[in-house]
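S.K.: Work the whole structure out from these sequences, hints included.
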Amino acid sequence: MKYETVIGLEVHIQLNTKTKLFCSCPVGFGERPNTQVCPVCLGFPGVLPVLNDNAVRLAIKAALALNCSINPVSTFARKHYFYPDLPKGYQITQYDQPLAIQGFLVIKGSKIRIRRLHLEEDAGKLIHTPTSTLIDFNRCGIPLIEVVTEPDLTSPEETVAFLQELRNILRYLDVSSGDMEKGHLRCEPNISLRVNGTEGIRREIKNLNSLKNVFEALTYEITTQRALLEAKEEIVAKTLLWDEVEKKTRPMRTKEEAEDYRYLPEPDLPPLVIKSEEIEEIKKTIPELPAERKQRFVSDYHLSEREAEILIKDKEIANYYEQLVKFIPDYKLAASWVINEVAHFLNEEKISITQFKISPPRLSELLSFLHEGKITQRQAKDVFFKMVKEGKEAGGIIAEEGLAIISDISELEAIVREVLKEFPSVVESYKKGKKTVLMFLLGQVMKRSKGRFLPERIRDKILEHLG
Amino acid sequence: MKEITELSISELQEAVKKGELTYSDIFEFTAKRIIEEEKEVRGYISLFLEEAREQAKKADKERNNTLPLAGIPLAIKDNIAVKDKPLTCGSKILSNFISPYDATVVKRLKSAGCLVLGKTNLDEFAMGSSNETSYFGPVRNPIDKERVPGGSSGGSAAVVKYGGAIAALGSDTGGSIRQPAAFCGVCGLKPTYGRVSRFGLVAFASSLDTIGPIARTVEDCALILQIIAGYDERDATSVPLPTERYLPLTGKIRDLTIGVAKEFFTSALSPKIKTVIEEAITELGKVSKGVKVISLPHLPYSAACYHLIAMAEASSNLARYDGVRYGYRTQVHTEEFKKIAQYEDPLQVFYEKTRGEGFGRETKRRIIIGTFGLSKGYYEEYYGLGVKVRGLIKGDFLSAFQEVDVILGPTTPTVAFKLGEKKDPLAMYLSDIFTSIANLAGLPAISVPCKRKVDNLPVGLQIIGKPCAEKEILEVAFAYERL
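Just so you know, the protein sequences line up as chains A and B, in that order.
Sequential numbering from 2 applies to the first sequence in the numbering used here.
Sequential numbering from 260 applies to the second sequence in the numbering used here.
Just so you know, the hints here were simulated from the structure itself, not pulled from any lab data.
Misleading hints may appear alongside valid ones.
To be verified - Cβ pair distances, simulated, as ranges:
no.	chain 1	residue 1	chain 2	residue 2	range
1	A	Ser156	B	Glu603	41 to 47 Å
2	A	Ser156	B	Ile627	44 to 50 Å
3	A	Lys126	B	Asp343	26 to 32 Å
4	A	Tyr4	B	His592	52 to 58 Å
5	A	Ser156	B	Gln607	39 to 45 Å
Please read these numbers as outputs of a predicted model, since none were measured by experiment.
All residues carry an ideal CB built from backbone N, CA and C; glycine is no exception.
M.R.: Printed below as a string of structure tokens:
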């Protein structure tokens with residue numbers, strides 16, 4: 002039997018706005034419960050929603066970057082259900098006329114179609130204690146976009162790659178932080194197995210708060226569904242919860258979902274009309290996106306695909322790199338330093354590049370020494386650590402410690418002459434063809450110069466003398 | 260000198276300026292009337308007399324007060340938010356709720372200097388035409404206490420009628436300002452949808468709800484409307500157009516053509532009311548450009564259409580009353596609750612009991628019907644159909660207003676009926692048959708008392724205008740009042 006994995010995604014993304022979608026409460030994270038609330042987001046009697054223009058702008062920006070077409074008129078709708086974290090008894094969302102439709106993203110050459118992108122408000126949060134359930138309404142009314150893909154994804158790997166690319170785009174656009182751990186990006190995949198071309202039963206997985214969980218849950222579910230199919234057992238459509246500890250999925254609801262949300266066109270909000278000029282204006286604010294940037298890094302800086310990929314992953318790191326190469330034209334060297342030394346340091350310190358103290362010009366000074374062969378790679382690393390620890394400049398550290406590989410050719414010249422003079426027999430044997438003695442001479446020069454010359458330089462110099 | 264109830268607000272202000280009256284006199288007069296009448300009429304759910312008395316005294320001290328409503332005692336329907344005051348909506352489920360904010364209209368009235376005397380009784384969540392569905396008991400018509408004052412703004416109309424407030428705010432979703440105004444013999448104006456901000460009006464049917472004044476004279480309606488009307492950024496459905504100047508009213512309607520829709524004059528209309536209305540139209544015909552008979556072919560479907568839409572929206576709007584954050588909550592510690600919650604989802608039981616105990620019979624009926632009308636598989640047949648018919652009704656008016664400037668007709672098919680007379684909900688729903696069309700089409704409409712009564716009970720003449728043509732209907736009403 003031939004099994005094909007079919008995955009579609011529903012992704013909820015929190016927009017980077019200062020205030021909520023329908024009221025002026027601030028959007029925060031980790032604030033004291035129920036401090037970022039007002040009568041509007043608490044659903045008090047008599048209040049009305051007023052749409053946050055900035056949320057609309059961010060949603061359009063995201064939609065354009067995902068190659069969607071923007072509906073000139075979209076509408077809001079009420080989605081009804083009773084739950085204590087939903088103050089109005091309905092969520093304001095978009096239903097039959099979403100903000101944007103028919104987009105796509107290209108992931109490693111395959112086109113993943115995006116069915117729709119719409120605006121909606123977030124619900125509050127329930128906090129369960131052993132004796133009670135508490136409600137925090139701070140998150141209530143925070144603007145979200147929901148992105149729904151077609152079932153075009155074919156593997157857990159591809160799904161993760163799609164989510165990474167999506168998150169990267171959102172970060173490049175400043176539309177969302179995309180932090181899965183903070184719940185700023187939540188993804189609910191649905192997965193089925195197509196058997197010999199026949200569509201299978203879809204199951205939805207919830208509670209995935211990291212890419213690792215997405216990968217593991219999908220992999221687990223493929224194995225499970227396959228086992229069921231091979232045992233000729235029926236797959237039941239249900240919503241599953243991923244158990245991070247047990248590393249398995251379990252059904253979420255016992256009742257079968259014949260849920261009826263009784264969608265009602267939202268009478269409190271007029272249709273959202275987007276003029277084409279507005280779209281054009283927002284288009285202008287869209288920066289170069291990760292995919293384009295990667296291509297440019299490969300072609301302009303002659304980097305490998307892999308190097309470019311790593312650099313563009315973080316917009317700020319890519320910016321740092323581009324600043325750096327303005328001062329040091331050795332693109333490869335700069336890339337290798339940013340990818341290795343700088344990134345490792347940031348990782349260890351758990352800081353972002355924007356908090357990194359060594360500015361591109363300062364790092365470029367160090368790299369120039371390296372590029373010109375004045376110091377060795379090992380020395381450069383030492384200098385780098387002194388720079389981050391002591392806040393000194395590369396030039397200063399190198400001068401102080403006498404590290405600089407003496408560029409003064411005359412000094413090297415003098416030492417080489419001295420050594421050759423001291424070991425005439427060795428010189429003789431070299432001239433007779435015993436090339437290996439070169440290493441001995443090289444070692445002697447290095448010893449006397451305390452390692453301040455590059456070995457290649459010394460080698461060249463000796464060879465120059467030996468003819 | 261005239262009685263306080265015979266003076267308009269501007270005349271009262273004039274009298275205070277001349278020193279013939281004080282604001283305290285006006286207040287004490289209304290307070291006295293309240294004490295005399297409230298035991299039977301029960302127009303108020305809450306009263307803030309001491310606070311208002313102090314405010315009246317303060318207004319007297321600031322003699323050069325030029326605010327249009329300085330020292331004028333007003334009543335506010337209890338589904339409109341007044342900061343730090345109860346906001347019960349005539350329901351048990353909100354019987355303990357205090358509003359933390361002012362509705363936009365209340366903010367504007369307060370800035371104009373008014374005193375808020377109290378919150379008036381209403382049908383629960385404004386759902387009713389007789390004021391009998393209030394958790395706080397029915398309101399009685401001050402003209403004949405065996406009769407209903409109409410609804411849902413029955414309390415507002417009743418207290419204005421007996422002198423328990425100079426004017427009041429009501430809300431009108433299908434006739435809830437105009438019908439009680441007609442039953443109580445006062446003026447009530449329902450503005451164009453969006454002309455007056457709904458922010459702070461507890462929603463019943465959001466696409467139909469409006470706030471408007473109930474007063475003894477057309478001029479007072481115009482004055483209150485002037486203050487509360489206008490764009491509000493807190494209401495996304497509010498009309499972003501500047502407000503016309505409604506005052507002074509001239510009563511000159513020579514260049515207006517009066518339309519009479521034949522569909523109003525059917526067998527549903529009491530023959531005696533028919534005669535009174537026809538007389539009024541004839542009289543107005545003489546001072547206007549003329550009378551023209553027009554047709555609103557979809558009027559017969561308006562009541563059905565109205566109830567489909569209003570109930571669906573109500574079922575949605577009333578979902579927030581769940582006992583979680585505020586309002587009435589079922590006792591979860593009772594033996595009964597614990598017993599049921601053993602076998603069923605306790606959260607589900609909590610909702611069912613809270614809402615089951617908190618809402619009255621009529622409200623529950625409408626929530627259930629509305630929920631049904633929005634359900635999967637029924638949406639197109641019910642709510643969806645209502646929306647379609649609504650479009651046709653709007654179209655009817657659009658073509659009618661090509662020929663005429665205002666449309667005249669009766670406000671109600673009957674005069675005020677007796678308490679308990681209409682037990683069949685369907686019969687009750689028909690009280691709206693002439694009023695709900697204006698809500699469906701979003702048009703302004705006013706009800707003014709006719710010159711002649713029927714069986715000693717007042718009759719309302721309804722004047723419907725073009726969108727945002729409040730000035731025109733006020734002029735026609737004013738012209739009629741002065742005939």
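S.K.: A separate judgement is required for each hint: does it hold in the structure or not?
M.R.: Results of checking the hints against the structure:
1. The hinted range of 41 to 47 Å is satisfied by A:Ser156 and B:Glu603, whose Cβ atoms lie roughly 43 Å apart.
2. Hint check: A:Ser156 to B:Ile627, Cβ distance near 48 Å, so the stated range 44 to 50 Å holds.
3. Checking the proposed 26 to 32 Å range against A:Lys126 and B:Asp343 shows it holds: the Cβ atoms sit about 30 Å from each other.
4. The hinted range of 52 to 58 Å is satisfied by A:Tyr4 and B:His592, whose Cβ atoms lie roughly 54 Å apart.
5. Between A:Ser156 and B:Gln607 the C-beta distance comes to about 40 Å, which sits within the given range of 39 to 45 Å.
Every hint, counting from the list given before, is met by this structure.
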